[in-house]
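Visitor: Read off the chains here:
Protein chains: 2
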Amino acid sequence: MKIIATVKEMQRLAQKAKRLGKRIGFVPTMGYLHEGHAALLRKCKKENDICILSIFVNPTQFGPHEDFQQYPRDKKHDEMLAKKEKVDIIFYPSVEEMYPSGYLTYIEIEKISDVLCGHSRPGHFRGVATIVAKLINAVNPDTLYLGQKDAQQVVVIKQMVKDLGYPTRVKALATVREKDGLALSSRNMYLSREERHQALSLYQSLRLAKELVNKDERSSQIIIQQMTKIIKKNSLAQIDYISCVDAKTLLPAKRLKGDILIALAIFIGKTRLIDNILIST
Amino acid sequence: MKIIATVKEMQRLAQKAKRLGKRIGFVPTMGYLHEGHAALLRKCKKENDICILSIFVNPTQFGPHEDFQQYPRDKKHDEMLAKKEKVDIIFYPSVEEMYPSGYLTYIEIEKISDVLCGHSRPGHFRGVATIVAKLINAVNPDTLYLGQKDAQQVVVIKQMVKDLGYPTRVKALATVREKDGLALSSRNMYLSREERHQALSLYQSLRLAKELVNKDERSSQIIIQQMTKIIKKNSLAQIDYISCVDAKTLLPAKRLKGDILIALAIFIGKTRLIDNILIST
Numbered sequence: 001m002k003i004i005a006t007v008k009e010m011q012r013l014a015q016k017a018k019r020l021g022k023r024i025g026f027v028p029t030m031g032y033l034h035e036g037h038a039a040l041l042r043k044c045k046k047e048n049d050i051c052i053l054s055i056f057v058n059p060t061q062f063g064p065h066e067d068f069q070q071y072p073r074d075k076k077h078d079e080m081l082a083k084k085e086k087v088d089i090i091f092y093p094s095v096e097e098m099y100p101s102g103y104l105t106y107i108e109i110e111k112i113s114d115v116l117c118g119h120s121r122p123g124h125f126r127g128v129a130t131i132v133a134k135l136i137n138a139v140n141p142d143t144l145y146l147g148q149k150d151a152q153q154v155v156v157i158k159q160m161v162k163d164l165g166y167p168t169r170v171k172a173l174a175t176v177r178e179k180d181g182l183a184l185s186s187r188n189m190y191l192s193r194e195e196r197h198q199a200l201s202l203y204q205s206l207r208l209a210k211e212l213v214n215k216d217e218r219s220s221q222i223i224i225q226q227m228t229k230i231i232k233k234n235s236l237a238q239i240d241y242i243s244c245v246d247a248k249t250l251l252p253a254k255r256l257k258g259d260i261l262i263a264l265a266i267f268i269g270k271t272r273l274i275d276n277i278l279i280s281t
Numbered sequence: 001m002k003i004i005a006t007v008k009e010m011q012r013l014a015q016k017a018k019r020l021g022k023r024i025g026f027v028p029t030m031g032y033l034h035e036g037h038a039a040l041l042r043k044c045k046k047e048n049d050i051c052i053l054s055i056f057v058n059p060t061q062f063g064p065h066e067d068f069q070q071y072p073r074d075k076k077h078d079e080m081l082a083k084k085e086k087v088d089i090i091f092y093p094s095v096e097e098m099y100p101s102g103y104l105t106y107i108e109i110e111k112i113s114d115v116l117c118g119h120s121r122p123g124h125f126r127g128v129a130t131i132v133a134k135l136i137n138a139v140n141p142d143t144l145y146l147g148q149k150d151a152q153q154v155v156v157i158k159q160m161v162k163d164l165g166y167p168t169r170v171k172a173l174a175t176v177r178e179k180d181g182l183a184l185s186s187r188n189m190y191l192s193r194e195e196r197h198q199a200l201s202l203y204q205s206l207r208l209a210k211e212l213v214n215k216d217e218r219s220s221q222i223i224i225q226q227m228t229k230i231i232k233k234n235s236l237a238q239i240d241y242i243s244c245v246d247a248k249t250l251l252p253a254k255r256l257k258g259d260i261l262i263a264l265a266i267f268i269g270k271t272r273l274i275d276n277i278l279i280s281t
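Just so you know, the protein sequences line up as chains A and B, in that order.
If you number the first sequence the way my numbering does, the last residue is 281 and the count never jumps.
If you number the second sequence the way my numbering does, the last residue is 281 and the count never jumps.
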């Protein structure tokens, strides 16, 4: 397993691999890897000749009052997990390598970046799109693997890759959950024991939504009302948003028809957690 | 000479060439080719194994009241010129191919896009950066050739290529001029006989600026004053801007020191013309 710190070296290795006709799979992460990342890496390893993992806590996707500084980092543990999953290359650049002094270029994806998490976190998806474009230019992947937990990120990256014409496929893999339903996230480590317990309400509310849809409820207003009730039972929970949107355009869906994303962001104490389900009616 | 209309086919050919270890040179244009483009193509042909020319009048770099519709097009003449310069591939996509319905992604280069021509043409360099990124993703060039006439475009594209980490070199070639000094531009065809004559004032004013610098004048205010006088002698001329800026940051230079770009944009009748010189003090 190679650990690469510079874009130039990463590019050199990727281009060499491409010249030999190898398929490159790529899993971009912010590190502090968990079983959700491991699932992406296993799929990536299985479907490609070379499996590349990037670890980079990307400052441009954090707002000024968000948790960039505190975001958990554990290089040693990440390397162990990567080795276990037989990662071929870890791309591990510094902030200065990715955003040297005088950096000026940003990628904006209109409309779909401004809703849901983008509404609560202005500039977030601009930062995400920019770093992913830079990583694609460095890694040259045939296929890029993302977790469905970050549903809007998947939509935004797919749109960017299509619009800019990158010769890269984007695959989203199902959210990996704890046994009790909590979606895996590096931010779960912020939670106290009581917060961890109340955080279960996110998935509980999504399961209820699914039940309602299965019972032919099609009004997003009613579904959101019922989900809100579940969340509000938790004293430490504060709703950022609960939304039913078209799975492609991310526009609000009054009636649930076709492919629908039901997504929510909830503060549990100071920790902002997200979760979602996709449904087809 | 192949003519390619789709990104996919362009990408396929470029990747095939790269796998064979060939160097790809690329000249992006809006067509209506003149001797300035020909000079870029000759250099491109000489320095690479494959010379690719793109012809695309890019709607996103035109403002709502600009000349996108009227911009001159002459496919037949362009193909003849390309053949004469031994171009290997013309990439000739449609607007629908580059911006299909539902297109949402744009690239912004902060600060340097907002001054000079960017100040007069809001959104212009966002459109330029976006299309050039899309073209680079399609063509995979080792080297990209631009004309120095569009000095700010050169600075913006160089910044984008560096920031996003494209493995592409950007080379700017000297402005090609008519015998009387008029910088070649596809827009010169808009000029009446009298306008064509008054358009000479752009280069005349730049030559005067150079003379003043050679005589140790270092105040940009005085240089701009003298240039303004020359332009104002022409009844059909209207100044958009005349500026002395740092050649890299494009920030205003009060005193001429180091690498300086002296640039101007002048309306001659309804036609907006630009020209510039680089000086080192």
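None of these hints come from the bench; they were simulated from the model.
Here the structure is a predicted model, which means the values were calculated and not measured.
Hints may contain errors.
Identical chains share a label here; the pair holds if one copy fits it or two copies do between them.
Stated by the list, open to error - The list that follows gives simulated cross-link-like pairs (lysine to aspartate or glutamate, EDC-like), each with its CA atoms no further than 16 Å apart:
(1) K8 <-> D142
(2) K76 <-> E211
(3) K162 <-> E97
(4) K254 <-> E195
(5) K158 <-> E108
(6) K16 <-> D142
(7) K83 <-> E97
(8) K43 <-> E97
(9) K45 <-> D259
Visitor: Have a look at K158 and E108 and pick one of within, between, both or neither, based on CA distance no larger than 16 Å.
Guide: within (13 Å within a copy, 19 Å between copies)
Visitor: Which holds for K254 with E195 at a C-alpha limit of 16 Å: within a copy, between copies, both or neither?
Guide: neither (32 Å within a copy, 59 Å between copies)
Visitor: When no copy is named, should K45 and D259 be tagged within, between, both, or neither for a Cα gap of at most 16 Å?
Guide: neither (30 Å within a copy, 50 Å between copies)
Visitor: At most 16 Å between C-alpha atoms: does K162 with E97 qualify within a copy, between copies, both, or neither?
Guide: between (26 Å within a copy, 12 Å between copies)
Visitor: When no copy is specified for K76 and E211, does a C-alpha distance of 16 Å or less occur within a copy, between copies, both, or neither?
Guide: Neither: 42 Å inside a copy, 63 Å across copies.
Visitor: Between the shortest in-copy and the shortest cross-copy C-alpha distance, which are at most 16 Å for K43 and E97: within, between, both, or neither?
Guide: Neither, since 28 Å and 32 Å both go past 16 Å.
Visitor: Should K16 paired with D142 be assigned to within, between, both, or neither, using CA atoms and 16 Å as the limit?
Guide: Both. Shortest intra-copy (14 Å) and inter-copy (15 Å) distances satisfy the 16 Å Cα cut-off.
Visitor: At 16 Å max between alpha carbons, let me know whether K8 reaches D142 within a copy, between copies, both or neither.
Guide: This pair counts as between: shortest inter-copy Cα distance 14 Å, intra-copy 19 Å.
Visitor: If the cutoff is 16 Å on CA atoms, where do K83 and E97 land: within, between, both or neither? Let me know, please.
Guide: Cα proximity of K83 and E97: none, with 24 Å in one copy and 42 Å across.
Comparing the model with each earlier hint shows violations of hints 2, 4, 7, 8, 9; every other hint is respected.
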